[in-house]
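Taken in sequence, the protein lines are chains L and X. Final position of the first sequence in numbering that gives the first Met the number 0 is 320; the numbers increase by one with none missing. Final position of the second sequence in numbering that gives the first Met the number 0 is 250; the numbers increase by one with none missing.
Derived from the structure by calculation, the hints contain no laboratory data. Careful, some of the hints might be misleading.
Okay, the calculated bits of chain L under chain X, using three or more residues with CB under 8 Å as the criterion [stated by the list, open to error]:
hint : stretch
1    : 130 to 143
2    : 259 to 270
3    : 298 to 311
Beta carbons: idealized from backbone N, C-alpha and C, even for Gly.
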Amino acid sequence: MSMIFGKIVEKRPIVFYVAIVFLLLFLVMGVTLPKGARSLVIQMMIFSILGMGYDLSLGFTNQCSLGHSVFFGAGAYGVIFSIMYLKVGLLPSLSFSFVAGLVFAVITGVISVRLSEAYFVIVTAIFFAVFHLLAMDMTWLTGGDDGLSIQLPALSLGFGKLSLYDPLVNYYFVLAFLVLSYLILDRIVKSPMGKVFISIRESEKRVQFLGYNVFRYKLIAFILSGMFSALSGGLYALTLRYGSADFFSFHWSIMPVVWCLIGGLGTLVGPWIGAVIMSLFQYYVSAWWTYYLILFGIIILLILRISRKGILGYIISRRLT
Amino acid sequence: MGIVNMAHGDIYMAGAILTFYVVSTLGNFWLSLVVVPVVIILISAPMERFVLRPYEGYHSSSMIATVGISFIIQQIALGTYGGIPKKITNPWPISFNFLGVDYPGYRFLVACISILILAGLWLFLYKTSYGILVRASMQDREMASAIGINVNQVLVTTFVMGSVLAAVGGILAAPINQVSYLMGNDIVLLCFIVVIVGGLGSLKGTLIAALSLCSLEGMMASILSPTQARAAIFVIMIIVLMRRPQGLFTE
């Protein structure tokens, strides 16, 4: 027992150091990188938030959802609608995306979380497909494939006004949200509730025998995961100043899975590594080969076959033995 | 068999596209009913044995793996066949007149073939000794292999049968629908809804759910738009899930 506890205590610093290194790198890269590379890094950071949110669902409570594009798209449209129709500022609009994620996650979660594993994956996949269809169809609301573009309001801080049209401001704005959501999620994961999440992943039946309401904890994890996915969707819409029905597409459901699997499940920082690797991969390989999705499929199969621990999980297990 | 197959729709699509190639090279639609299943067997048997075998029984992993396979099949189809939907000419352009309404002969034929296939599948699963082996392996794999059933062979056969059925569906649908590399995505959603409503592992439930939901969708599509009709089906699925989370017809 004490040995296991020792392992858990020892495990923390590595992940924490990796996070620090990444954040410092992001911080420095904002100033040093050229413009094009900087926008790529902005995307990586937004994807990291999505990956972390997803990690809460797959990595901590073992709910393999393929419906996270619903939350991503809901978050994006939360930002767009609140700016277009309600004329609110940037930070309130992001809170709208948070609320949109909450609403959608509660609706889908109440229906799907109760189900067994096979039903859960299928039903979340159906959710994605139906919401994608609806978003494509309701062009009067969502703009369909063409999408809607927005005029960004200025970001008013205490000492002055900043505009997200300045790429540097945009970069550090997103970085701030990455740090914030990492701190919040890290706090959640280390709290007693996070411990229950982890024990649900390890053995759901045993947690139930211990008297916990498994459904409620899984639902909470799912909703939190949906909210952070929505936040990343909102940030993505703000960065692109645009949103379309494409934000509901399958891409945003499968990518978080791949990021989490590459980086390491249940580590929160793992998905950052996955997001960086896959973004670079997509950026370079898609320019080089039209049918790069074949390679993408092969990568999915390879990761699943080699290990489900991912890069960070591998490093942690090496350190322990 | 514990595989959530996201690539099922793509095998359906592969069946349709292979039909297109058979028709354009050999010139006979009916030959494709012989040629395409052979090709699909050659593809799907190694796929099950070497790619999907480790994930059997692990629904999430199998789903992610089949998503990968689905990407590969779709992109290969896009690369070879192209992105433009094409049409196959109707191989049996006869129409029946029944009570004053014209029915296209080909669709009638497809209905007959489907009934035959379903009857054959039911007979195979419930009336033959191999069907008993299949059902035993699905119920408890370890127990089945302990009493001497060659579970590996049964698993390959089952997966291949599922794939061939999907491909035959694709072949039969090819002259009715347009053949494009994305036609599988559309059908897989409907398949999943049908399976969820009918209950996993229940042939009867799947059949009843498929017939009722699809005719319901067809009727509603005449009033609403196709997407709204599909959303209505989706709402029905949610109601069913709220009342019976295990599906309508599972024991």
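For a quick check of understanding: which of the numbered hints are violated here, in increasing order?
2
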